[in-house]
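Trainee: Residue strings, one per chain:
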Amino acid sequence: MTKEQKFTELIKDNEGVIFKITTVYTNNESDQKDLYQDIVYQLWKSFDSFRNESKISTWMYRVALNTAISHLRSRKKQPGGSGIDKIVQRATENEDQEFEDRLKILYAQIQKLNVLEKGLMLLLLEGKKYQEIAEITGLTESNVGTRISRIKQKLKSRILKS
Amino acid sequence: MELEELKNLWTELSDELEKQKNLTDKIIMNMTQQRYTNKFEKITRYESVGAVICFLVAIGILWKFEELDTWYLKLCGGITLAFLLIMPVLVLRAIHQIKKLNILELNYRDTIVAFEKARNHLLMIQQFGIYLSFVLFFTTIPVASKLLSNKDFFIMEKEFSLYVLIGVVMVFLYFFARWGYRSYKKITNSAENILNELDNGV
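Heads up: the protein sequence lines correspond to chains A and B, in order.
Note that the numbering used here has the first sequence beginning at 1, numbered continuously upward.
Note that the numbering used here has the second sequence beginning at 1, numbered continuously upward.
Pulled out of the complex, with its shape left as it was, chain B reads as follows:
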């Protein structure tokens, strides 16, 4: 289809839509009152629940931190705590950046730039979180083992099934990280193209 053809078809569509007025005053005013749940608000809700869980676990670890009685268990506990406290805050902050975009004042070009940058930032943090989860996996096991069953993971006798479990989790994490990375690259590459195009003017 060439542009002229598209234009004619568009005009036909506009005429057709003009004939089918569906909205009533009541429907319109209802739309202004009951805002649909924006998907970013849904994400915020899920992330907030996740953050609360992380904070509760962090409080639990802090409460029993004294029980981590060797330097390496303390180190594992410290790393786990840092992850549980910092990551949710970073993600929630990045979502907040997207939500606070002033789409009522900005023009189309500026909105694209601001939105793509904010979205890239959020994706970068989530991607970072996926990689960190590998580290977290190895620091959480000793901490949980010590705090929940008072066993030092590093010196205790380990059953074969435990190695199998670790292997399965590692494979899962690998595929999860690979999927995450590909999705991230796909979205950010297209965002980068559009941002470069806008930065270069014409």
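Just chain A, same shape as in the assembly:
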């Protein structure tokens, strides 16, 4: 398998993950596309330097999240959600509007978090264990735990307020 084949396989396997990251960190579709491309570009750039010291998913999340932080966002923020018209683009007409609406609420909740919490939340939702979250973020495992319980409290208090 050539380097290009390995890389395209990796991206195809994780295209959904990259898509979700770009939706969390951007406010409109144009920014989202830019960030998607930048993440793929950065992953390709560092693909040679990936040394199997960590899991490939750890490496991928780290590069993708770091790219997202340093991606300059435009200010076109729309109230109440991610600002992206359709979160799941469907090829057929069978649109599930209710699912879309729930997703918008989900993204709205994540958008309210600060940049550090956003990353933690995303990794948590992706089903990562505290140890891997710690590896990606550079926080200690206990710190990850404490911050995640704070995020949970924040979410709860928002529900009570609303």
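Hint data in this document are derived by calculation from the structure and do not stem from the laboratory.
It is possible that some hints are incorrect.
[Unchecked claim] With a Cα cut of at most 25 Å, we get these calculated PhoX-like pairs of lysine-lysine:
| id | chain 1 | residue 1 | chain 2 | residue 2 |
| --- | --- | --- | --- | --- |
| 1 | B | Lys100 | A | Lys45 |
| 2 | B | Lys100 | A | Lys33 |
| 3 | B | Lys74 | B | Lys151 |
| 4 | B | Lys7 | A | Lys129 |
| 5 | A | Lys128 | B | Lys19 |
| 6 | B | Lys117 | A | Lys112 |
| 7 | B | Lys7 | B | Lys19 |
| 8 | B | Lys21 | B | Lys7 |
| 9 | B | Lys74 | B | Lys64 |
All values derive from a computational prediction rather than experimental measurement.
Guided by the hints, dock chain B onto chain A, whose structure is given.
Mentor: Only chain B this time, still in chain A's reference frame:
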């Protein structure tokens, strides 16, 4: 929505996305070849054009510096020159600091710290530039007046329209500076919060 609900919805979203694989090998490799124009690169381009203009004007002033024949005109010329030569360099250097962040090696926490610090630095310089533009406005008029029409602004007879023009520019600069300051505070306050939180550990 509680966390469990969010998790379930996220899993639903992941399953949905899993069904819709859109990328082909060709699209992926195209993305690796044609890097989109990063917005910092766009800013660099605009700032570079601005820097070239500043340097050209500075060269023009230097070329005719001898024509500034009084101590106060020389002082105005010196201040204008310093602004035109130093500010673009400071801004370009600050943008370079952001662009050179090693996002491929750093972890998430360190990237946040490095990025926010570099961005604050850039904003601070831009903010400083806005305030300095007030000073520059008053030093440029006499210099331009002398070099372009050989008139000493300080002793020449001034028409009323000139005062009106100065007033309008001052009002514009005031609102521009106020807008700049508010934007700066908004961004840096949120950056400071996150940096403090990270510095304090938990």
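Trainee: Does each hint hold? Answer for all of them.
Mentor: Structure-based check of each hint:
Note on B:Lys100 and A:Lys45: the hinted pairing holds, with a Cα-Cα distance of about 14 Å set against a maximum of 25 Å. At most 25 Å may separate the alpha-carbon atoms for a hinted pair to count; B:Lys100 and A:Lys33 meet this at roughly 22 Å. Distance restraint check for B:Lys74 and B:Lys151: the Cα-Cα separation of roughly 14 Å lies within the 25 Å cut-off, and the hinted pair is therefore satisfied. In summary, the hint linking B:Lys7 to A:Lys129 is supported, as the alpha carbons are separated by about 14 Å, within the 25 Å threshold.
As the CA atoms of A:Lys128 and B:Lys19 are separated by approximately 21 Å, the hinted pair is consistent with the 25 Å bound. For the given pair, B:Lys117 sits about 22 Å from A:Lys112 by alpha-carbon distance, which is consistent with the 25 Å threshold. Under the criterion of a C-alpha separation no larger than 25 Å, the hint pairing B:Lys7 with B:Lys19 is consistent with the structure, at around 19 Å. Using a Cα cut-off of 25 Å, the hinted pair B:Lys21 and B:Lys7 holds, with the two alpha carbons roughly 22 Å apart.
The suggested pairing of B:Lys74 with B:Lys64 holds, with an alpha-carbon distance near 11 Å, which does not exceed 25 Å.
Every hint, counting from the list given before, is met by this structure.
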